[in-house]
Amino acid sequence: MSAQPNFGAKRIVVGAHYGMRDWLSQRVTAVLMALFTVVLLVQLLLPGPLGYDRWAGIFAAQWMKVLTFVVIVSLAWHAWVGVRDIWMDYVKPVGVRLALQVFTIVWLVGCAGWSVQVLWRL
Amino acid sequence: MSTTRRPRPVHRNIHVSQIISYRLPPAGIVSILHRISGAMMFLLLPFVIWLFDTSVTSEVSYERFTSAFIAGIGFVPAWLVKLTVLALIWGYLHHFIAGVRHLWMDATHSVTKEQGHSSAIVTLVLSVLLTLALGAKLFGLY
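Keeping their order, the protein sequence lines are chains W and G.
Count along the first sequence from 1, then add 222; that gives the number in my numbering.
Count along the second sequence from 1, then add 25; that gives the number in my numbering.
Just chain G, with the same shape it has in the complex (with noise of 0.2 Å):
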């Protein structure tokens, strides 16, 4: 046995503000995004239960439901309402896929790096021209 202890490697997590100065690869950006928009989510049931309440409760409701998105309601402006739903038809798509990704892999083990990467563009392009396209409509658009 030797004398001298050679340094031992150290692997610290990194820290919150390293955050912005880390590569991370497209598969990555996903990871966090499903973890983002689930959150999200999770904080605004009470808004998507209200929209679902107001919409299917009785024509009164269905009234005040459409005018929300048009005169706001309350204290909150239109344009505050179509954004949150905006916020939440991104959130819903991005998570619908990239789960989507997930059953995928576990159903088939594609899990090379080249599939992973590909497959997580794929749900990026495809979640964002999605929104954008659901989003024009939202906002009158066409």
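Next comes chain W alone, as it looks inside the complex (with noise of 0.2 Å):
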């Protein structure tokens, strides 16, 4: 902080960082989802047959079950802070804006219980 007053009438009022912060996070989390596919993609070009047992041993790697873990948390903030957007841009009323963002959380954390449940019983 600055030596400058911040109280009173002088009190700083904006500038909080809030947004620099969803920019930021929207940014990183992409280009950790962006690695992944490309990690997914290389496995999946890797030469011969793939049935079963090579798309299930993608993931049955420790390395691989904590990639994808760090994707799913990635995607769920991801989604969070675009899906809030839409809801702020459109939806004025407090009340229903409110209500939207509650389904949004409940829908992302309980997809992404969802799937760390199937990725860690492999």
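Treat the hints with care, as some may be off.
If the Cβ cut is set under 7 Å, some of the chain G residues that face chain W in the computed set are [to be verified]:
hint : residue
1    : Gly-63
2    : Leu-70
3    : Phe-72
4    : Ile-74
5    : Val-81
6    : Glu-84
7    : Tyr-87
8    : Gly-124
9    : Glu-139
Keep in mind that the hints were calculated from the coordinates and are not lab data.
All of these numbers come straight from a predicted model, not from anything done at the bench.
A virtual CB, placed ideally from N, CA and C, is assigned to each residue, including glycine.
Put the two chains together into one complex; each comes in its own frame, and the hints tell you how they fit.
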């Protein structure tokens, strides 16, 4: 903090950088998901027949489980920022917006939980 | 100070009913499709996880996964499964390419009108071409 007074009439009420945090987290999670896509594609395009054994084998490796888990969390976070932007743009009544945001969180947390369960019982 | 007030300019948001008559440049089309594809993938997340679940859990569930594309699943016919997956393929490709375009603009500050225009056209063409190529494979054309 600078030596400038930050209280009373001089209090800074803008520039809390919430927007910066959302902007940056959406990009960082996007890069992680893009890298995951490349890693998965490389494994799929390796020579050999692609059936259940190879497909399940890709996700059976522990490092792939950890990477997939990171991507599940990234996706939920990324989608939260994006879907919340949609509600903030188009839905003005505060009550409806709150209900939709709660639905979004429930939806994303539920989906993340289900996919982690699928991943770690392999 | 003059006593006659000049009317101040009024800028209103466009109404839903006016959307059709507005000319949207390619960058605007990429932008709204980025949003539509993201919302669609958000709503179809349970279907994606179902695909992941059945394809990866066991050989028995893998059979159910593959037969969903041939014989359908439950009350859902196979063509609807394939069409939904095709929509997901397009959504993923468009969202991916438009996202890389965003990152590219952030990293290189390439924000001139011309670059925005040409990169938007590249995004639209590339995502549609890749969707057609993968869609042809999905529907067994090759």
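query: Under the criterion of a CB-CB separation shorter than 7 Å, is Gly-63 of chain G in contact with chain W as hinted?
result: holds, 5 Å
- prompt: Under the criterion of a CB-CB separation shorter than 7 Å, is Tyr-87 of chain G in contact with chain W as hinted?
  reply: holds, 4 Å
Interface hint compliance - Glu-139 of chain G to chain W, C-beta minimum distance less than 7 Å: Check failed: Cβ of Glu-139 of chain G comes no nearer than 24 Å to chain W, outside 7 Å.
message: Using the nearest Cβ pair, does Leu-70 of chain G come within less than 7 Å of chain W?
response: OK, holds: Leu-70 of chain G within 7 Å of chain W, min 5 Å.
- prompt: Does Ile-74 of chain G pass the interface hint, meaning its C-beta sits closer than 7 Å to a C-beta of chain W?
  reply: For Ile-74 of chain G, the interface hint holds, since the closest Cβ of chain W sits about 5 Å away, which is under 7 Å.
- prompt: Given Glu-84 of chain G as an interface hint, is the shortest Cβ-Cβ distance to chain W below 7 Å?
  reply: holds, 5 Å
message: Given Val-81 of chain G as an interface hint, is its Cβ closer than 7 Å to any Cβ of chain W?
response: holds, 5 Å
task: With chain W as the partner, please determine if Gly-124 of chain G meets the hint condition of a C-beta pair closer than 7 Å.
output: Holds, about 5 Å.
query: Going by Cβ atoms only, is Phe-72 of chain G closer than 7 Å to chain W?
result: violated, 10 Å
Hints 3 and 9 from the list above are not met by this structure, while the remaining hints are.
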